[in-house]
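Produce the complete structure using the sequences and hints provided.
4 protein chains.
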Amino acid sequence: MQKLNFASDYVLGAHPAILRALSETNMEPASGYGTDAFCESARKKIRASCCCPEADVWFLSGGTQTNQTVLDALLGPCEGVLCADTGHIGGHEAGAIEFTGHKVIALPHKNGKLTAAAAEGFAKAFYADENHEHMVFPGAVYVSQPTEYGTLYSLRELAALRRVCDTYGMKLYLDGARLAYALGSELNDVTLPDLARLCHAFYIGGTKCGALLGEAVVIPQKGLLPRFFTQMKQHGALLAKGRVLGVQFDTLFTDGLYIRLGVEAVERAKEIQALFLAAGYRELLPRETNQVFLLLEDRQYEALSEKIEMSFWEKPDDTHTAVRLAASWGTAKEDVEALKNAIE
Amino acid sequence: MQKLNFASDYVLGAHPAILRALSETNMEPASGYGTDAFCESARKKIRASCCCPEADVWFLSGGTQTNQTVLDALLGPCEGVLCADTGHIGGHEAGAIEFTGHKVIALPHKNGKLTAAAAEGFAKAFYADENHEHMVFPGAVYVSQPTEYGTLYSLRELAALRRVCDTYGMKLYLDGARLAYALGSELNDVTLPDLARLCHAFYIGGTKCGALLGEAVVIPQKGLLPRFFTQMKQHGALLAKGRVLGVQFDTLFTDGLYIRLGVEAVERAKEIQALFLAAGYRELLPRETNQVFLLLEDRQYEALSEKIEMSFWEKPDDTHTAVRLAASWGTAKEDVEALKNAIE
Amino acid sequence: MQKLNFASDYVLGAHPAILRALSETNMEPASGYGTDAFCESARKKIRASCCCPEADVWFLSGGTQTNQTVLDALLGPCEGVLCADTGHIGGHEAGAIEFTGHKVIALPHKNGKLTAAAAEGFAKAFYADENHEHMVFPGAVYVSQPTEYGTLYSLRELAALRRVCDTYGMKLYLDGARLAYALGSELNDVTLPDLARLCHAFYIGGTKCGALLGEAVVIPQKGLLPRFFTQMKQHGALLAKGRVLGVQFDTLFTDGLYIRLGVEAVERAKEIQALFLAAGYRELLPRETNQVFLLLEDRQYEALSEKIEMSFWEKPDDTHTAVRLAASWGTAKEDVEALKNAIE
Amino acid sequence: MQKLNFASDYVLGAHPAILRALSETNMEPASGYGTDAFCESARKKIRASCCCPEADVWFLSGGTQTNQTVLDALLGPCEGVLCADTGHIGGHEAGAIEFTGHKVIALPHKNGKLTAAAAEGFAKAFYADENHEHMVFPGAVYVSQPTEYGTLYSLRELAALRRVCDTYGMKLYLDGARLAYALGSELNDVTLPDLARLCHAFYIGGTKCGALLGEAVVIPQKGLLPRFFTQMKQHGALLAKGRVLGVQFDTLFTDGLYIRLGVEAVERAKEIQALFLAAGYRELLPRETNQVFLLLEDRQYEALSEKIEMSFWEKPDDTHTAVRLAASWGTAKEDVEALKNAIE
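Protein chains in written order, with my numbering: chain A, 824 to 1167; chain B, 824 to 1167; chain C, 824 to 1167; chain D, 824 to 1167.
Rather than coming from a laboratory, the hints here were simulated on the basis of the structure. Some hints could be false.
Stated by the list, open to error - According to the in silico footprint, chain B covers these stretches of chain D (three or more CB under 8 Å from chain B):
id : segment
1  : 950-961
2  : 1046-1056
3  : 1121-1134
To be verified - Calculated pairs, BS3-like style, for lysine-lysine (alpha carbon to alpha carbon, straight line, at most 25 Å):
id : chain 1 : residue 1 : chain 2 : residue 2
4  : D       : 826       : D       : 868
5  : C       : 1138      : B       : 947
6  : C       : 947       : B       : 1138
On a predicted model such as this, the values are computed, not experimentally measured, just so you know. C-beta atoms are modelled at their ideal positions from N, C-alpha and C, and glycine is treated no differently.
Okay, structure coming up:
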């Protein structure tokens, strides 16, 4: 019998509506490299959702690729990017940012978040240092929404980060790999139009939010990155059959599917959280989106591991193990029911 | 009414068998980053097709990305790659190779091909130059099969290139973006096992050969590139949902689909060629695979353009235009019939 | 007995006035990284010589380093640099430009020069190509004065190149590794103020023109490259003891030494040329500056090689060898006299 | 009246013996790029001093350049370099390491040093992480001797670091920008032969130890970096007039000058330290080599600053300032005497 699988939000294929759309459009000829009508339709819907009719919108294949390509385009010569020391670009992307010549400057996180105070403190000290011209300039701030810990930036926190960016000439970039699950959270107060107002660039994640693959980059200020198309090509990030991404995002932004699937996944995560709390388990930190982090005793970990696929998260001490369970667009009520049976 | 579309071999979606497989496997959980059972199955089938049971096989998203990532991995410090001056990496990939620090050294082509003599001539002169340590070393040879002109390397030509590579310490890399249409050509004498025997690395193209997207890199000598997984990640070329590529290549290598669709597309191209020749048109160079190159008088070009989507290829002189028509897995006999009516 | 040495213009140490200045200033404390008074004085004199009181002036160590650092700063993302196919950056700098991610686009030379027509032809065709966004943009034009063949751009030729640059949004960069010998040539009509008017950046060569080492970059439009100091550091091109370069350029630009030594070296080269022509030897191409290129029969080459150090240049055919003899600031009348005896 | 200048060990020109040697050899012709007899002689003497007759020895211009070029050559794909978070490459070289695509991984320092325990802890945890193939591999360890805080690695500490490197497949690289002052310290127990035995590569600093400029890289295992010459060229680190570096290192390694000038500078530093301690000042940390670090009250700082050039080091709290005073080969007993008068 197959174990229950809560290991991540990308263990399944795609939302059925996406597969359907791919099938229905399959034999319609389309031009390449994102110049097709499907991409154009998706762009329009995304711009509308962001209340940003002028935004440049680009489609890429994956998260690391998107972070690398956008940050390389946003950063000037001798500039690095600030991030929380838990930020995905810092440790878990194989040095993809440094590969393009830019330093990742990691600052201590708070619940997985980079605070405006930390960013400001760094930038202020940097420019106060009389030798700063011998150092890497802070050129951008990287945040993820939700964060790697499933936590959320509030509107106030993001606005404060943007103010710091404006003061010190930095760009604000937001990694929305799991953005649907932020937008779908009952604790969230940051909308797509807010992101379009506050970020120089951000991406709307598809891979972890119902698509087979794909991320949609939004650059609210049209023309901010005038060579971005060619930069995508140069980074190997420009799909020949751009339609594959266009059709998917067009579907995700039709009839509010993107947010709806986020809401449902967060509902499931809330139920999962409730199950574990009711059964006496402890959370590593409070769930805010679609991910539940548990702090297990090692024997609990062993027992649960036999029945449930989870993600090992970290080993905080000799007798405990932290794990992550993720709900997704594909998590059914029955899965939660089965989990209930498994942990009782 | 929509025009007949022969602009390229990637104007449609995917082969129906692929869409079917994606649907059927959609709700089966799978681990990420190419570690899943679909990828493993596809790898086995590809190894078997190549008679190379030990080969490393990796799945990437697109051609430029694959060329960039594999060449960067094959090349040592201060090494560049030789290619025909018609080679895709030289002019049409936005400097993706140079972006990773490696020079592309273009040599005069012959029917779109790099001859062993040209490669050897360059390497010999290079090492004869007493100042060669001030220059970029030739570290690899890039060829495409079929070439950008739809032509084919013969087994003899590839073997000769490999001998030159061995003599001068270069790696032989083959770009198989349209490999199905080489394998499916009546003029081809190079099999997958031949490629596995002669190349240090090559890729089996999916994007232009029936997949939604995806390319399968084959490295016949297991462990030749020990960090390739991490290099894929660092280049932004590692898909989280690797299953999307695994399922597709598993389908393409089940029951000979990959070669079969190549054969059929080449059949269609042959019919298209015959139509044009019968109607008195001239070829730019003789068709060898799925692409037909025509040398049109400008007024012919204008007339045809109204009914048919073709690719502008080049302007050889003031009164002529060269164009390309491509057949693909998705070109039906009816399309050829319609073309016949259109050009009569 | 030591052979007469005309192998290059950097076989000796430094002009005696430079050694003297280094000794005299040796125990004066100075701040680091080019912030010292010697550099400041040299900058003022260079600006005055260029009639460009606002120019940014930077000191680097060598030619390849300077080309790499300046071009990397001038070029935007996805931009490459045009040059004659004889240009030093194309073949003889070990891919230093590509190492920073930029393609070198070599065009056919004419007497070692890139013509405005060739540059314009390329740029025009580039923007006319509907796929140009898939290609490397031409971002700069590289020329050397004198060229690798010792030839000179006329004022008219440089002005035409600048017009092409302005039309197509390219930067004009001039490599002046041997600039003293251009400025000192009787055939030259391009002055330092002309260069400052026509180039976006150029460098005044020290290494081959009397200094122990060092090149002075002039950026006529102040602030054009606002991060250049940090870029120098990042490229490893910022000397801690910047004074070493400052003292030398201060000396070279005191009392017209730089041009004077150029004039004298060109005089010697003219005498060398005359000797060879009188003795019945053939020139590969007519001498214009401090370098004499001879087209020797192989037995002449062997005979001369026993007495004279020359630079092998190329093997134009099976029975001839082309060589280069260079005069420099350090070539004495006695050396020419001795050469006369040697070739008679 | 000029202030006493103890700001750094590179405020003066060169040791008189070096200027003399440059003058004496000035008119002797020499071949370029380090192939000359002066470089060869210097290499022999350095190999002898290191008891390493087979070592490869290369001459470069400056410290950042050397760190960048050697680390880029030592590191494989996807590899980064570990260093103490006080390491020069981490913060003060403008991202020169990242510029070549490699991540700098900073670990907490202890007195300016990276401990073997810290390096081992990182490497062990790295390989224990099941996701480590998604991360930057630790490929080398960077240490400086003396450190940026003037402290010294003991032989035991270096040997322990090498053991960790061997266990985890890392290269040990030592930055000897101020190596003369380590070798000349009464507290040092690490000799040049020790370094040649323990390091995969290290450099003997010239710029801060009596030369006008220049650093000598020693690679004890001949052929470890077979393309290093070309890599120097590609990094813009290969001087045309290599003789300038050869003559200087030949002088520094004749009659023990290099170590002798180190001993004398450390003597002066000891006297400076004694003066300040006697006058009631506090050290930031105990002097070990040629640099004295003081922890001053702000009003002390202001008072001293009027008479003495020092380096501002850091602001540990609101009322104190840390400063650095450096002695060098050029610090005379009279300078110390004058300092004594100044601080009384």
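To see whether the hints hold, each was checked on the structure:
1. 950-961: holds (count 4)
2. 1046-1056: holds (count 5)
3. 1121-1134: violated (count 0)
4. 826(D) to 868(D): 38 Å, violated
5. 1138(C) to 947(B): Judged against 25 Å, a Cα distance of about 14 Å means the pair holds.
6. 947(C) to 1138(B): 14 Å, holds
Checked against the numbered hints given earlier, the structure breaks hints 3 and 4 and satisfies all the rest.
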